[in-house]
Structures are given as C-alpha cells and as structure tokens.
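Modelling step: build the complete structure from the supplied sequences, incorporating the hints.
Protein chains in written order, with our numbering: chain A, 1 to 206; chain B, 207 to 418.
FYI, nobody ran anything at the bench for these hints, they're computed from the structure. Any given hint could be a false lead.
What the hints assert, rightly or not - A few chain B residues that don't get close to chain A, going by computed Cβ distances all over 10 Å:
1. Asp233
2. Arg242
3. Arg313
4. His316
5. Ala320
6. Arg407
Claimed, not checked - Heads up, incomplete: computed chain A residues facing chain B, CB under 10 Å, no partners named:
7. Asp35
8. Pro38
9. Ala44
10. Ala69
11. Arg74
Unchecked claim - So, partial list: chain B residues that the calculated Cβ filter (under 10 Å) puts toward chain A:
12. Arg224
13. Gly225
14. Tyr254
15. Leu274
16. Phe280
17. Asn317
18. Arg323
19. Phe378
20. Val379
21. Asp380
22. Gly392
23. Arg393
Because the structure is a prediction, the values reported are computed rather than measured. The beta-carbon is built from N, C-alpha and C at its ideal position, and this holds for glycine as well.
Below are the chains, spelled out letter by letter.
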Amino acid sequence: MLGGGMRDARRTERYLDELMAADERRASEFPVDVDIDPQIRVAARELRADLVRVHPSFRFEEALAARLAAGAMRLRAGLHIEVAETEAAAATPGTMAAYRSRSPAGEGPVTTAMPPATALTEPDAGSPAWALRRLPEMAARQSRPLIVGGVGVASAISIGAVYVAWRHSHPASGRMGRAARAAHNRATGSGRRRTGVVDGILEVVS
Amino acid sequence: MLSRAQEGTRPARLDRDRGLVEAARRDPTRFDALYRKYLAQVYSYAYYELRDHHAAEDASERVFMQALAGLPRFEERVDAFIASRSVTIEGGADPADISTFRVWLFRIAHNIVANERRRDRRRHATPLEEAAELSAPDDVAETAAAREAGSAAWQAVARLPEDRRRAVILRFVDEMSTAEIAAILGRSEGAVRVLLHRALRSVANDLRGQLS
Numbered sequence: 001m002l003g004g005g006m007r008d009a010r011r012t013e014r015y016l017d018e019l020m021a022a023d024e025r026r027a028s029e030f031p032v033d034v035d036i037d038p039q040i041r042v043a044a045r046e047l048r049a050d051l052v053r054v055h056p057s058f059r060f061e062e063a064l065a066a067r068l069a070a071g072a073m074r075l076r077a078g079l080h081i082e083v084a085e086t087e088a089a090a091a092t093p094g095t096m097a098a099y100r101s102r103s104p105a106g107e108g109p110v111t112t113a114m115p116p117a118t119a120l121t122e123p124d125a126g127s128p129a130w131a132l133r134r135l136p137e138m139a140a141r142q143s144r145p146l147i148v149g150g151v152g153v154a155s156a157i158s159i160g161a162v163y164v165a166w167r168h169s170h171p172a173s174g175r176m177g178r179a180a181r182a183a184h185n186r187a188t189g190s191g192r193r194r195t196g197v198v199d200g201i202l203e204v205v206s
Numbered sequence: 207m208l209s210r211a212q213e214g215t216r217p218a219r220l221d222r223d224r225g226l227v228e229a230a231r232r233d234p235t236r237f238d239a240l241y242r243k244y245l246a247q248v249y250s251y252a253y254y255e256l257r258d259h260h261a262a263e264d265a266s267e268r269v270f271m272q273a274l275a276g277l278p279r280f281e282e283r284v285d286a287f288i289a290s291r292s293v294t295i296e297g298g299a300d301p302a303d304i305s306t307f308r309v310w311l312f313r314i315a316h317n318i319v320a321n322e323r324r325r326d327r328r329r330h331a332t333p334l335e336e337a338a339e340l341s342a343p344d345d346v347a348e349t350a351a352a353r354e355a356g357s358a359a360w361q362a363v364a365r366l367p368e369d370r371r372r373a374v375i376l377r378f379v380d381e382m383s384t385a386e387i388a389a390i391l392g393r394s395e396g397a398v399r400v401l402l403h404r405a406l407r408s409v410a411n412d413l414r415g416q417l418s
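Here is the structure:
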C-alpha cells in the first residue's frame, strides 16, 4: 500500500512524463491533471521552459573531437591515453547555445544549430560579411542537420553572390589582374568576356 | 513467456547504444559517434551544476576522455542491475530505450562534477546572485550565462539541496527516466520520485515567494 507521499510522487512523475510527451509532439496545450497540486504543475512548466539543454561552442566540440580522435588512435596502436594531460587542453574558449531537444532519449540532439557565442564577440558580428565567414564552419558540421536561418544569413548569401558577380564583371585593373586575365584567355582560347550581373550570377550558380 | 525478473537478466542485447558501443570497442576511432550523441547532454549537466561554461567544458572533456579510456573495460553486464531495474521496476520502460552506456557515462560525469564542485567550494564560494556582477559587460558569453542564471526557475533550482538539484537537472535538462536517474545517483526509483516531487514543491514555494 502506497503512502500519501509516495502516491503524490508517482502522480508528479506521471505529470512530468505527460509534460515531456506534450513537448515532444509540440502540443500547444499543457497536460491537465486535476489531482495534482496546481503549484507543482506551474513549477514543472516553469522548469520545463527555463531549463533548456545547452550546447558548447562548435570550436570546443571540434577541438575535443580532434583530441578524442588522437586518443583513439593511441588506443588503436595499443598505447594508453593520459587522461590527466588532457585537462590542460580544455582551455579552448567557447560557450553555450541553448536549444530544446525534441528527443526524450537524447538521440542526435540538435534540431537547431547556432553560431558559437564567442563568434558574436567579433567586431563585425552580425554583418553579412561575418555571416559569410562563418558559413563554412557551420556547413562543415555534417554529422547533424543544420538549419541556418535568419534574414542576416539569407541577405549575406545574396550579397555574396552579387559581389562575386560584380567582381567578375569588373575585373581588377592592376598589373597583376591584367596579366592573370591575359593568361586565362590564352589558356582557354576564348577572348570573350562575360559581362553583366546576370551572367556572373549564372556562372556562380553553375 | 519471460517474467519481468527474467527479462531483466538480458539487458545487453536490447541496449539502445549497443551497436555504437561495440563498434567503438572494436575500433576506438568510432567513439566519435557516441561523443557527438551525448556531448550536449554531458555538457549541459556539467554546466547546470558548475554554472561556468569553461568549467563545464573542462569537465566534459574529462568525462569523454575517461569514457574513451575506459571503454575497453565497459561491460554492459557489469551494470546489468541498472538495466534490469529499468525493465523490472519501471515496468513501462521499453528496453530498447535503455542505454547502459548513457548511465555509465553520466556516472562518470556525476563523479567528475561532484569532485569539481568540492574543489570549487574549497577554492571560493560565489553566490549565484553575484554571478552577473562578476562578468565583464562586453563578454557576450558571460552575459548570456548570467542572464540564464538570472531566471527565477534556475535560481530556485540552485537553492535546492544537492540530490534534488541533480535529479531535477537530469529529469528536465537531460530528459532521463526515473530509473536512469536512480542508477546515476545510486538511489532507488522510489527515492528519486520523492526527490523530484519535493524538489518541485520547493521550487513552487520559491517561485511563489519571489512573486509575492
């Protein structure tokens, strides 16, 4: 026979399970359990909303992955890993990016990827050029789905494409630029110069 | 038909991470898959416990390095009691959802974080409320952390006794079952249920106090 405290604890556990499940299926309404103390319900929702999972910076993740790979190679070669010596190596700066995992079991957790917060300290953080610089780093993370969103990034991509097209249609006027163009024309046997933004974009896209 | 107790004796075949663990044991370079899968969870646990992202990174590194080094000795059957408890006592738990590796990994994390907290207490004690004042205004990372720390719920959790706080973090942040938390904290499932219930009651009182 369960005591009152244990019965309440089980009821709370059931409510938490339902709360997590509702979050998992992105239900808009909270589960309702009229038997549970309303204050506990509110506290559970607050904790569910505030205690988000955090992710270390991409830089830290990749640096540690590299160190683990090196350790794994040592193990494969029959050598030991000096665990203590790795402690000093953890000085790579980085920080968190919050996200909510949609998987209760914690499978491949990331549904949203964000640039590391350390990147935000760069002088031009947030600018299109900054976003363009960070794209390869984000795109390199192939092991997980990556959603790069936001107007900034979209506009950065557009600006980047237009810039490349503009550069293509306005060749450098310096001595090196003329020499490079002449060499290119000789190599391809084509003296045709693509001009115009549309041609440039088409070439970039192709 | 197998009784629940009998089912509990064959957890290893059903372990969710069995394939990844076996691959990593055959070839340590395959450990990367386990690392990627659990990094955020381990880091989050360390971060909520240590409240400093550098310390959390340091702890995460040690956890995964120890796990990699200890993987050849990792035996699912050594921890069979964990899985058997998950199957037999929890009742509704699907054995395919059980990862003895995750429990093992978090036991390492639990020990490392507990040691770090002890060391940190000896070094200095900084109340959470002072965290925001300590961070430099132009340090985006620290500011973000301080803002997180400023949330009422987090502060309420920070004031909880150690075991309740850990149970809450494992339940809400790492989304673990009662059975998994019990195995990590070395408590019975009933004790963990009560811990969580009391923790929620404390947080509720705390939040109500802050509002009033």
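For each hint, the structure was consulted:
| no. | hint | result |
| --- | --- | --- |
| 1 | Asp233 | 7 Å, violated |
| 2 | Arg242 | 5 Å, violated |
| 3 | Arg313 | 16 Å, holds |
| 4 | His316 | 16 Å, holds |
| 5 | Ala320 | 16 Å, holds |
| 6 | Arg407 | 6 Å, violated |
| 7 | Asp35 | 13 Å, violated |
| 8 | Pro38 | 9 Å, holds |
| 9 | Ala44 | 6 Å, holds |
| 10 | Ala69 | 6 Å, holds |
| 11 | Arg74 | 8 Å, holds |
| 12 | Arg224 | 14 Å, violated |
| 13 | Gly225 | 13 Å, violated |
| 14 | Tyr254 | 7 Å, holds |
| 15 | Leu274 | 5 Å, holds |
| 16 | Phe280 | 13 Å, violated |
| 17 | Asn317 | 13 Å, violated |
| 18 | Arg323 | 16 Å, violated |
| 19 | Phe378 | 4 Å, holds |
| 20 | Val379 | 5 Å, holds |
| 21 | Asp380 | 7 Å, holds |
| 22 | Gly392 | 18 Å, violated |
| 23 | Arg393 | 13 Å, violated |
Of the hints listed earlier, those the structure fails to meet are numbers 1, 2, 6, 7, 12, 13, 16, 17, 18, 22, 23, in rising order.
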